[in-house]
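Colleague: Given next are the chains, with one letter for each unit.
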Amino acid sequence: MRRDFSSRAELVDYVKQEFPECLEHGEQVSETRGGRRAAEALLEKVNPDRYARSRNFLSGAVTRLAPYLRHGVLSLGEVRHRALAKPNHEKLVNEYAWRDYWRRVYGQIGEGVWKDREEPKRRWRSARELAELPEDIAGARTGLACMDGFVTDLVTTGYMHNHARMWFASYVIHWRRVRWQAAAKFFLTHLLDGDPASNNLSFQWVASTFGAKPYLFNRENLEKYTDGKFCRGCARAGDCPFGKSYEQIDQELFQ
Amino acid sequence: MKPVVWMHEDCLRPIVPGAPAIFVFESNGHSLKRLVFLYECLLELDVEIEKGEIVPLVRAFAARHGADKIVTAFTECPRLMGYARTLGAEVVNDDPFVAAAGPFDLKRFSRYWQRIERQALKL
Ligand SMILES: Cc1cc2nc3c(=O)[nH]c(=O)nc-3n(C[C@H](O)[C@H](O)[C@H](O)COP(=O)(O)OP(=O)(O)OC[C@H]3O[C@@H](n4cnc5c(N)ncnc54)[C@H](O)[C@@H]3O)c2cc1C
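Protein sequence lines, in the order shown, are assigned to chains U and Y.
Sequential numbering of the first sequence, starting at 1, is according to my numbering.
Sequential numbering of the second sequence, starting at 256, is according to my numbering.
In short, the hints are calculated from the structure, not lab data.
Only a predicted model underlies this, so the values are computations on that prediction, with no experimental measurement involved.
The beta-carbon is built from N, C-alpha and C at its ideal position, and this holds for glycine as well.
Not one of these hints is a red herring.
In silico DSSO-like links for lysine-lysine, alpha-carbon gap of 27 Å or less: (1) Lys362(Y) / Lys91(U); (2) Lys377(Y) / Lys91(U); (3) Lys306(Y) / Lys185(U); (4) Lys362(Y) / Lys185(U); (5) Lys86(U) / Lys377(Y); (6) Lys362(Y) / Lys213(U); (7) Lys377(Y) / Lys45(U).
Far from chain Y, some chain U residues (derived; all Cβ distances over 12 Å): (8) Asn47; (9) Arg53; (10) Arg55; (11) Gly60; (12) Ser126; (13) Pro134; (14) Asp136; (15) Asp148; (16) Trp175; (17) Leu216; (18) Arg219; (19) Arg236; (20) Gln255.
If you want the footprint, here are the derived chain Y segments under chain U, 3+ residues with CB under 8 Å: (21) 262-270; (22) 275-284; (23) 303-317; (24) 343-356.
Let's have the full structure, built from the sequences with the hints guiding it.
Modeller: Set out below in structure tokens:
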């Protein structure tokens with residue numbers, strides 16, 4: 001295949017022409033550039049101390065290294081070494097270890113990442129479970145500014161912040177009772193870092209089929225870590241399904 | 256020894272300096288944005304880019320270069336390692352996260368972390 005492109009636009013046109021089937025997932029191209037140079041530039045900027053203090057905030061100092069780690073442009077050993085040379089690196093190294101952990105589990109169970117690892121720890125009030133991701137979710141039309149915003153970002157950039165992935169997965173699995181596999185497939189299609197190990201096993205962690213309890217959140221939590229940017233002006237702020245205490249949410253969702 | 260490298264999408268970095276390398280795009284449902292990302296990674300590497308079936312294309316590449324060995328990078332992906340077996344490729348794990356030897360108790364992350372923490376936090 002060709003290697004000589006005078007611009008990114010030319011490369012994009014060529015890829016579209018050579019892989020027309022990919023267009024069924026949309027025509028978006030991410031701002032994130034592939035390659036070692038781009039990865040190095042991000043690696044330079046990694047600040048483990050700020051990371052540890054702010055990683056849960058959408059505006060926090062996260063690294064955005066995942067697509068490069070996923071595709072081995074950078075190795076986990078290499079980024080670990082680079083982190084150790086900077087102060088306060090424990091949290092970041094611990095997060096890198098999550099990737100290594102999921103990878104090792106994948107090594108043990110292979111395609112088993114698509115099946116429940118364990119029994120879910122709680123039963124929903126309604127037994128209904130959807131096999132497919134509903135169109136309002138995939139099309140960013142739930143009316144919930146947060147969830148629609150996460151999907152729009154995912155589809156256009158190929159990236160979603162870790163906390164947003166957790167909220168979104170929890171909403172889809174526990175509030176909407178969609179089988180986690182359907183949402184996992186959607187993520188794998190659109191994430192630049194989409195990876196059956198980290199992705200499917202994280203979904204299972206949220207679902208409690210690989211963890212001690214279902215992951216839940218409420219509006220207060222989401223509002224805090226997003227600096228309120230979605231809730232301000234959300235059309236559904238008045239009937240927000242997350243605007244409750246954890247006890248209320250638990251009672252509403254589970255038996 | 257004259258090796259060639261079969262590069263796959265789980266390890267887009269050189270693993271045998273100077274050896275000719277090939278990458279093959281399979282039709283595996285990637286989005287346009289992921290394909291562009293992967294393609295950009297490849298354009299920074301000295302690698303021949305192909306599209307189609309991995310095993311015959313890698314074999315033909317090795318034959319064209321008169322290679323007596325195919326080398327590839329380790330991945331946990333069973334499909335890719337299946338191709339490596341079919342190709343009789345040597346599999347290298349060039350830069351693991353930590354060198355600790357298993358077996359590991361992988362029931363929960365906390366147990367795994369407890370086991371590797373000291374090594375992970377050591378230069
Ligand atoms: C539902 C769900 C799906 C996910 N799907 C994927 C996926 O397909 N691919 C993927 O690489 N990660 C996945 N993750 C893990 C995590 O969200 C991403 O690795 C992270 O958000 C990527 O952004 P970053 O590079 O800025 O991360 P940072 O927060 O800057 O973290 C640095 C690096 O550490 C690793 N890391 C951090 N947190 C985790 C974690 N919880 N699990 C595994 N590795 C971690 C990643 O390699 C990441 O690049 C998922 C998490 C959830 C909750």
